Amino acid sequence: MRGQEPRSTSSCAACRLLKRRCNPNCIFAPYFRSDEPKKFAKVHKVFGASNVSKILIEVPEEQREDTVNSLAYEAEARLRDPVYGCIGAIALLQRKMIQLQHDLALARSCLARYTATPSCIGSTDVPVIADPLGDFPAGCGGSIDSFSWNLSYELNQEAHMYDFSQIPYV
Amino acid sequence: MSSGRCAACRYLRRRCTEDCILSPYFPSNNPQRFVSVHRIYGASNVTKLLLQLPTHLRAEAADSLYFEAQCRLEDPVYGCVGLIFMLQQQIHAAESQLVKTQAEIAVMKSQGQNPEAQQAEQDFNNLLLQQSDNDAALSFPNQVSSGFI
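Keeping their order, the protein sequence lines are chains V and D. Per my numbering, the first sequence starts with residue 1, numbered consecutively. Per my numbering, the second sequence starts with residue 1, numbered consecutively.
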């Protein structure tokens, strides 16, 4: 028949969902394999295929896999928590960080009393961790404090929502 | 009247109706806010997401979308996940420091107490109790798997 071409059996998950032909230059194909349909479905639902494509085109090719994985993580977080998305996880970690800093200051104070030397108070050879957002891009680090955390649940109980083991950057 | 349009409708060049879902969260005096969110999520996705939420939660949702969009624009590779990673590293370092300090206290204690240290020990025992409660509630796995689902 005219124009009949064999159907591609190697469409990536993106092209399969978008119901289009997956050409050899498909930008999604290396990162959204056909055996992982849910991964692209989630990313597409939150960001949209077009926006994902634009983001991928902007980053160097060697960083695209990390980009896709971080987008997938964000999408997963947003679908699980449509109000706060990843911000919920960040708030949880910030709380834990603040608590740890407090505990550490208390422990150092306690240690200083044992040593009973004023110069030892708070001083160790390990650097004090200051602002947890200090090194992050200013545009992001500055604005998280503006959230009015009107959470109706204990954040500790929601910790299980965030699978931090899935972050492959450690 | 074009002067009454929200930032979203102004950007999208459409009429801003009275029931525009985006207008409460993307006011005309902050056009950049909508531009950022639109670039990452798209107006359609933002609208769908806000529509599925009760009204009293939409402002928080819009703020979190804006924050994440800003993170992604500043760091296209990792977005706000980079921040999560950084916080995890800092938490790990702080936990290590705390364990080290606790060990030093234990050594000092074993070498003999002084009267002032007894109060310090009581405070610290309370701290340990508190910490074990926190650890039970916030127990993130330390191991990292190889990839995402």
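If you're looking for bench data, these hints aren't it; they were derived computationally from the structure. It should be emphasised that the depicted structure is a prediction, and the values quoted were computed from it without experimental measurement. Hints may contain errors.
Calculated pairs, EDC-like style, for lysine to aspartate or glutamate (alpha carbon to alpha carbon, straight line, at most 16 angstroms) [said to hold, decoys possible]:
id, chain 1, residue 1, chain 2, residue 2
1, D, 48, V, 81
2, V, 54, V, 65
3, V, 19, V, 58
4, V, 54, D, 19
5, D, 109, D, 123
6, V, 54, D, 123
7, D, 48, D, 95
Review point. When the hints from earlier in the document are held up against this structure, which numbers fail?
Key: Hints 3, 4, 6 and 7 contradicted; others consistent.
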